[in-house]
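What follows is each chain in one-letter form.
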Amino acid sequence: MLAFIIRRLAQSVVVMLFVALIAFIVFRYVGDPIASMVGVDTRLEDQEIMRERLGLNDSVFVQFFRFIGNAAQGEFGISYRLQQPVTELILSRLPATIELAVVSATIALVFGVIFGVYTALRPKAWSSAGIMALSLVGVSLPTFLIGIGLIYIFAVELGWLPSFGRGEVVDLGWWRTGFLTESGLKSLILPAITLSLFQLTLIMRLVRAEMLEVLRTEYIRFAKARGLTQRAINFGHALKNTMVPVITITGLQLGSVIAFAIVTETVFQWPGVGSLFIVSVQVVDVPVMAAYLMFIALVFVLINLVVDILYYVVDPRLRVDGGAGK
Amino acid sequence: MTEPLLSVRNLTVEFPTRRGILTAVQDISFDIMPGEVLGVVGESGAGKSMTGAAIMRLIDRPGRIAQGEVILQGRRIDNLPDAEMRKIRGRKIGMIFQDPLTSLNPLYRISEQLIETIRTHLPLSETEACKKAVGLLDDVGIPDASRRIDDYPHQFSGGMRQRVVIALALCAGPDLVIADEPTTALDVSVQAQIIDVMKRLCAENGAAIMLVTHDMGVIAETADRVAVMYAGRIAEIGPVRDVIKDAQHPYSSGLMGAIPRLGANLERLTQIPGSMPRLSAIPKGCAFNPRCPHVMDKCRIDQPQAVQTAPGRRVACWLYPPQDGTTASAERQSAE
Amino acid sequence: MENRTLFKDVPAEDLIVPVRVQGRLARALDSDIFYSWRTSPVTVVATLVALALILMALFAPLIAPYDPFNPASLNLMDGFTPPASTGAFTDNYFLMGADNQGRDVLSTIMYGSRVSLFVGILATLFAMTLGVSLGLIAGYNGGTIDAVIMRITDVQLSFPAILIALLIFGIARGLIPPSQQESMAVWVLILAIGLSNWAQFARTVRGATMVERQKDYVSAARIMGVHPILILLRHVLPNVLGPVLVIGTISLALAIIEEATLSFLGVGVPPTQPSLGTLIRIGQQFLFSGEWWILFFPAVTLIALALSVNLLGDWLRDALNPKLR
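Protein chains in written order, with this note's numbering: chain W, -8 to 317; chain E, 231 to 566; chain R, 44 to 368.
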């Protein structure tokens, strides 16, 4: 088990280095960092002094390692646009994004699995056909349109829920949460549903396909031939086997919720990292772009690691070389 | 005469497809007596596995039993509600599948699978069921059963897994075991052992066996009676010894020619020319006629009926034309 | 299976002729596919809708009631004319209403679909070419090349397409001088969307290539010294066309949505050349004040386009999958 985790960790580091290289290239070569920092009237000599002080005249390797060193300490420089440390910016907006992502991921996972299992167990029922048809509509609906539609119905026409922002928030140390106030929770509903729908349909279709596959296997036939109850077969045997491949892909899907939040945050003016990123792209605020890229990569690597460990726990076949027997 | 354990009467299994209805099993009838071993032999696609699945009502959709009856201990089971049928599966009729590598759920320990099955059918506590499970594994010849019962399927070899499958099929004490090619996927060296274990345990429990295989050698060793199937029909049925010694249907005599035998001419085994027709292209008349060395005009037009040729022997071939009153089954449908 | 017997009985020269491969192409057009199309009413409707939208986009300059980009034909005073009424200052009739600048919504939709489809189709073709080539190279060569390409594929697949597209867009914006940004925007968009969608092609083609490579007829062709590129093009490529077509269709739907999303976020095509996404972005500003039609009709068009292409892809996947037949 330990060797397995260490191997995975090593792979994660390689992925992070690769992403860091891309981030560094973006950081160093997109536009001229000096030109972005100074006004037009700064003298060339002053620019040269600044260049020297920032180490931009060092060799590429030195600069790359300095970049990685700084990144490892959470140091990504100053935002061109807001003139604030990038790390501070991202951290202040992180709680909003994480709360949104966690709620959406939970919705997507719970309903995705329920609908997927239901449609797999009743492939011929009208209700299943209806859910499948809706899911295809769900995949074809761009997230921003779902958001606009929900705002129109629930905020404008019915006036039940707020259409933008986080509502009232409560400070818990540096973490600013919207979970503790009524308006905070109300504000969360529409964005969370918007963000979850696409993932929900994907998870549902995946669970359905895997479960149909599992239901066709010999061990399910053998379980039937032994007279086990339908319930034991569907929810004991079939569901557990379905979950093995589903865990991997679902894990990755949930990771992308954070990245997908870019669109949802824009539609709902949600003060998270995603809306920070989109503004940075529009004005080419390179340090923020680089930091965001590294942040997303870190999220993916962590989720991958958790998924691998879960996989290892669920599927005994992977434990062969660890401790055979028991 | 004792009552048969299982009677299959005029069983027909169909698969509706877009290009028409395919008949996988057509109008077959046979009995299995208590404690008896009936071999069912034929090439792949002859409908032998389908017959086993039909008795268990485990035919995959869109296949269906189109006609006929299955009677177990005097009770019709082909029209039982699903919940009732479930109580027959495992409890009255056990089933062994072909490939032990895929028959066991890889994510559950052997103990979990055994105890679950036992407790589904028998009113035993967890500990009692566990004890019974260890005993069963001992019986099927798994060394160190009390320790290995908590292993996962992938920790066993193929032969050992098939023993586990047998234990699972027998754990609720069924009266009939349908073994569908139980040794085909196994290494030749363990095939005989598996057959032995299966036969010994069934004999001890007084369970009958319906042994489905394409291996005439296994039948010769194991079965009391044999049914030879071809293209969804029974070509010939009778005591194993008689059929081997004196096969009446040209197809079964071809098959018998394919058993290697000590002392016989080892230079060549006879081979039946051609191959079995696909379900979508079964020829008119006798399905075997394009390959038959004795083919007559009649064989290309009419389907032969099963005829009793000796006590306990029936054959469907125009070489044995029906005489009045000897037709085995009363109701017949012409093969349209 | 079939190849094994072929290899034994057929002289080597005949092996090079892609006997089986041509058979597959012929089979792809076989009645089975047509039958499943004909008997699926949803698919037939989807095909008709997709065709209608494509034709509408293609002939927009000919059939659009007005040229929404010609200032001469516009009157700002016609702004916000509701659907199915005549403008306040001109005699122009607006079937789907007019937007804030007095442009006919129906006409902007026709021109907008043109931009959306142009970007979507070119981006998909670009992704397809890139992905298929990399997949063939990786699958055929194996070894280090394969490992490197597949790792990049993994990384690409684990990041959402929209994020990659945004990043590429941001980088391109930093590299292209501001004066050219507007004229280059469409091409940057195509590049960004294409580069964020190639991995699925690469992965599928690579898998299929590895399977084909091990078959006897490919070995025979190799032994006879047929150039690898020829082997790939003549033997391997036709065998992966089915899955590539399926992924291509689904990618097209994704690319259209991606373009709309980027344009909606304000990083897509310039406002002078609005796509459906840009139109929705504009319309969103007026939704809450009651001028719903400026958003509604472009949104419906976008959904119809994405949904019909998705339905086609879904049907194609089932129809080409022998397991489900």
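What the hints contain is simulated information worked out from the structure, not anything from laboratory work.
Each hint should be verified, as a subset may be incorrect.
[Stated by the list, open to error] Below are the BS3-like pairs computed for lysine-lysine, each with C-alpha atoms no more than 27 Å apart in a straight line: (1) E:429 <-> W:231; (2) E:528 <-> W:231; (3) E:317 <-> W:115.
[Unchecked claim] Over 12 Å on every C-beta distance to chain E, these chain W residues come out as not near it, computed from the model: (4) 50; (5) 143; (6) 211; (7) 213; (8) 219; (9) 229; (10) 232; (11) 260.
[Claimed, not checked] Just so you have them, the derived chain R footprint on chain W, three or more residues with Cβ under 8 Å: (12) 56 to 64; (13) 196 to 210.
We treat Cβ as the ideally placed atom computed from N, Cα and C, and that holds for glycine.
For each hint, the structure was consulted:
1. For the hint linking residue 429 of chain E to residue 231 of chain W, the alpha-carbon distance of about 34 Å lies beyond 27 Å, and the restraint is violated.
2. In summary, the hint linking residue 528 of chain E to residue 231 of chain W is not supported, as the alpha carbons are separated by about 57 Å, beyond the 27 Å threshold.
3. Taken as a hint, the residue 317 of chain E and residue 115 of chain W pair is honoured in the structure, with Cα atoms around 25 Å apart against an allowance of 27 Å.
4. Listed as outside the interface, residue 50 of chain W is consistent with that label: its C-beta sits roughly 53 Å from the nearest C-beta of chain E, beyond the 12 Å cut-off.
5. With a least CB separation of 44 Å from chain E, residue 143 of chain W remains clear of the 12 Å interface cut-off, as annotated.
6. Distance check on residue 211 of chain W: its Cβ comes as close as 8 Å (rounded) to a Cβ of chain E, failing to clear the 12 Å threshold; non-interface status is violated.
7. The non-interface label for residue 213 of chain W is inconsistent with chain E: the shortest C-beta to C-beta separation is roughly 5 Å, within 12 Å.
8. Not every Cβ of chain E is farther than 12 Å from the Cβ of residue 219 of chain W; the closest lies at roughly 6 Å, contradicting the non-interface assignment.
9. The Cβ of residue 229 of chain W sits about 9 Å from the closest Cβ of chain E, inside the 12 Å cut-off, so the non-interface label is violated.
10. Listed as a non-interface residue, residue 232 of chain W fails to keep its Cβ farther than 12 Å from every Cβ of chain E; the least gap is roughly 6 Å.
11. Interface exclusion of residue 260 of chain W from chain E stands, the closest Cβ pair being 46 Å apart, more than 12 Å.
12. Under a criterion of three residues with beta carbons nearer than 8 Å to beta carbons of chain R, the stated coverage of the segment 56 to 64 of chain W fails, only 0 such residues being counted.
13. Coverage of the segment 196 to 210 of chain W by chain R is violated in this model, with 0 residues showing a Cβ closer than 8 Å to a Cβ of that chain against a need of three.
Consistency note: the structure conflicts with the earlier hints numbered 1, 2, 6, 7, 8, 9, 10, 12, 13.
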